[in-house]
Every structure is written in structure tokens, then in C-alpha cells.
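Here the sequence shown is numbered in the working numbering, starting from 381 and rising by one per residue.
There may be inaccurate statements among the hints.
With a straight-line Cα cutoff of 30 Å, these simulated BS3-like cross-link-like pairs (lysine-lysine) come out [as the list claims (entries may be wrong)]:
id	residue 1	residue 2
1	511	473
2	506	535
3	468	481
4	535	552
5	468	535
6	511	535
7	506	473
8	481	511
9	481	535
It is worth saying that the hints were derived from the structure and are not from the lab. These figures come from a predicted structure and were not determined experimentally.
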Amino acid sequence: MISEPELVGEESFAAPQTLGAVSAPGTDGGGVTDDAVTSPGPRGPRRAWLWALGGAVAASAVWAGGLYAFGGQDPDLGGYRATDNLCKAARLKNLQAALGKREGEGMPTQFEHATMDDAQCSVELKPTGYKPEVDEEGNEMISLPSVYISYTLHKRTDPGPEFDGAVLARQKAWGTETEAAVITGIGERAHVARGEGGSTITLDVLDGQAELSIAVTGDWDPESGDPATDVTELEGLLVQDMQELMATLRS
Numbered sequence: 381m382i383s384e385p386e387l388v389g390e391e392s393f394a395a396p397q398t399l400g401a402v403s404a405p406g407t408d409g410g411g412v413t414d415d416a417v418t419s420p421g422p423r424g425p426r427r428a429w430l431w432a433l434g435g436a437v438a439a440s441a442v443w444a445g446g447l448y449a450f451g452g453q454d455p456d457l458g459g460y461r462a463t464d465n466l467c468k469a470a471r472l473k474n475l476q477a478a479l480g481k482r483e484g485e486g487m488p489t490q491f492e493h494a495t496m497d498d499a500q501c502s503v504e505l506k507p508t509g510y511k512p513e514v515d516e517e518g519n520e521m522i523s524l525p526s527v528y529i530s531y532t533l534h535k536r537t538d539p540g541p542e543f544d545g546a547v548l549a550r551q552k553a554w555g556t557e558t559e560a561a562v563i564t565g566i567g568e569r570a571h572v573a574r575g576e577g578g579s580t581i582t583l584d585v586l587d588g589q590a591e592l593s594i595a596v597t598g599d600w601d602p603e604s605g606d607p608a609t610d611v612t613e614l615e616g617l618l619v620q621d622m623q624e625l626m627a628t629l630r631s
């Protein structure tokens, strides 16, 4: 019987015990046994190569873990579909009741790709009986509440791991004047951000493969430049309009 070779001067290649990938010869770890050893040649380089290969495989597995396409299967979109006009899909009936009717058809944009669908809409709301202020030179100083809507449907990758980070990064870009909070009862995860003085409120929702956002900006006092309407009080209405939009995009 061939005895276990001593690894003299090769301590730099010794595997950490936590890996457990390759058992030492002659141990009970289920690895190479004494009887299987046929050559007492240097073994350190071989072990180092195995550990390097194992590290590469592990890194690849982590990368592939974020891809639903791994294995050839597309993710379940939960009934969500692309829309060719997000302005039509978003009725905003509750916000219109509170802030005013739509001014025109809005400005929709839309993009479709094999990996994702993206749609956006911006629309102004005009309060009943609204008349713009006029400056000393006769120029109208128009200030209307506005709504910006975005919708992204991820058809290959999982947006979940990056959702919170993306929302918080955007809120930080707006500055410290924005207050953010996590809310429940809508979608998988949701954040609401309120601007200082009630000037803006934004609702971001993750629902499976879909990311949606509705941002409301109030009108401004032409003379003082301060917000004329506290739109942060409309959170409940904003949530209702978002829920209706989500149902429409799943129909």
C-alpha cells in the first residue's frame, strides 16, 4: 500500500477547511483514497488549479442567478403586457377629481424590445375655472399641476434586487428636501416620496416583473414661487389610481 505523500514546502496551496471541495488523500471526506494514488508527483499546482476553477464556476453561478433566461425559461410576467399609449392606459380619475381635468391627450412615449418594454407619459391637469395670472407686461404666468407616469416590464431579468436601490438613488438625487417611506398594500414593494412644502409626491411600485411610477407636481403661486397646492395629501388617491393602472396593464 502506498503511503500518503507529504506535501513539503507547498503550504501556500493548502485549501481552507471551509471549502470542502477536495478531500485530502486517506481521509474520510469521500475524496481520493490511498489506493487511487498512482504517482507521487507534485500536487500543489493541481489543487490551486481546481480551486481557481471552482471560484470561476461559483462566480458564474452568482451572475446567472439574476437571469431568468438561465436554463432557457422566460419569467412569468404576471399578466402584464406592453402598452402603445400609457396616457390612455392611465385614467387618473381620482387625481383628476382632486386637481382638475386633463389638459389635452398628454405626451406618451413607448419602446419595445425583446428584453423589456418601456412606456412613459406626461400630462397636465387644469382645475375648473382656472385662469392664469398675467404679469405687468401682459404675459400669462401659467402654472398647472402635472403628472408623470412610467412603466417598465422586464422580460428577461429580475428587477427585484435593484428596485429599492434605484428608488433611493433617485430620491437622493432630488436632495434632502424629499421625505421617503415604504408603504404596504400595493404591489410587491412600494415607496412614496414627498417633496418639501407639499410640492411633489411620487409613488414607485414593484409588482413582479413590472416597475411603475406616478409622480405628481402641484401648481405654484406665480408671485411667491411657493407651492399653491399640497399634493402630498393626495397619497390615498394616488395609490387608487396606481392600482387601477396596474389592473389595466394586466388586462
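Hint check against the structure, violated hint numbers in rising order: 2, 6, 9
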